[in-house]
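A.B. asks: Sequence:
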Amino acid sequence: MLTFLGFAMVITFMFLIMTKRLSALIALIIVPILFALFGGFAPKIGPMMLEGITKLAPTGVMLMFAILYFALMIDSGLFDPAVRKILKLVKGDPLKVSVGTAVLALVVSLDGDGATTYMICVAAMLPLYSRIGMSPRIMAGLIILAGG
Numbered sequence: 003m004l005t006f007l008g009f010a011m012v013i014t015f016m017f018l019i020m021t022k023r024l025s026a027l028i029a030l031i032i033v034p035i036l037f038a039l040f041g042g043f044a045p046k047i048g049p050m051m052l053e054g055i056t057k058l059a060p061t062g063v064m065l066m067f068a069i070l071y072f073a074l075m076i077d078s079g080l081f082d083p084a085v086r087k088i089l090k091l092v093k094g095d096p097l098k099v100s101v102g103t104a105v106l107a108l109v110v111s112l113d114g115d116g117a118t119t120y121m122i123c124v125a126a127m128l129p130l131y132s133r134i135g136m137s138p139r140i141m142a143g144l145i146i147l148a149g150g
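Heads up: take any position in the sequence shown, counting from 1, add 2, and you land on my numbering.
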């Protein structure tokens, strides 16, 4: 029963988002609450929400400050000398930059933390991708493929 309820919730969530009937934020709030009520978990909804927020808050705060920090460092030009050296080494070849992205993601993802993998790889490689005009979507795809 719970498995069916979980699959139905995901399908409902995806349907509401893809048909643009609800924004992702509103759907993430309303759909689980409605399915919890339907599943008979009404008395447990409050404690479940508090437990989820308690577990998620430290990661969210860390990601927020990491994004702000790396954005500030990129804007201030901290990575510019490294970008120049790497570009001189790869001679502006997008294939070499792509291979470097995949290798970096493989090495960084060995610690098992996906958030760290993305923060380090994006902070290191985004200036390179911007400088040679490569799409950041290529970088995101390579990080996903390499890091799992």
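Honestly, I wouldn't trust all of these hints.
What the hints assert, rightly or not - As a list, the in silico DMTMM-like pairs of lysine to aspartate or glutamate whose alpha-carbon atoms are at most 25 Å apart:
| no. | residue 1 | residue 2 |
| --- | --- | --- |
| 1 | 57 | 115 |
| 2 | 93 | 82 |
| 3 | 87 | 77 |
Hints listed in this document are in silico derivations from the structure and should not be mistaken for laboratory results.
A.B. asks: Could you work out which earlier hints the structure fails to respect and list their numbers in ascending sequence?
C.D. replies: none
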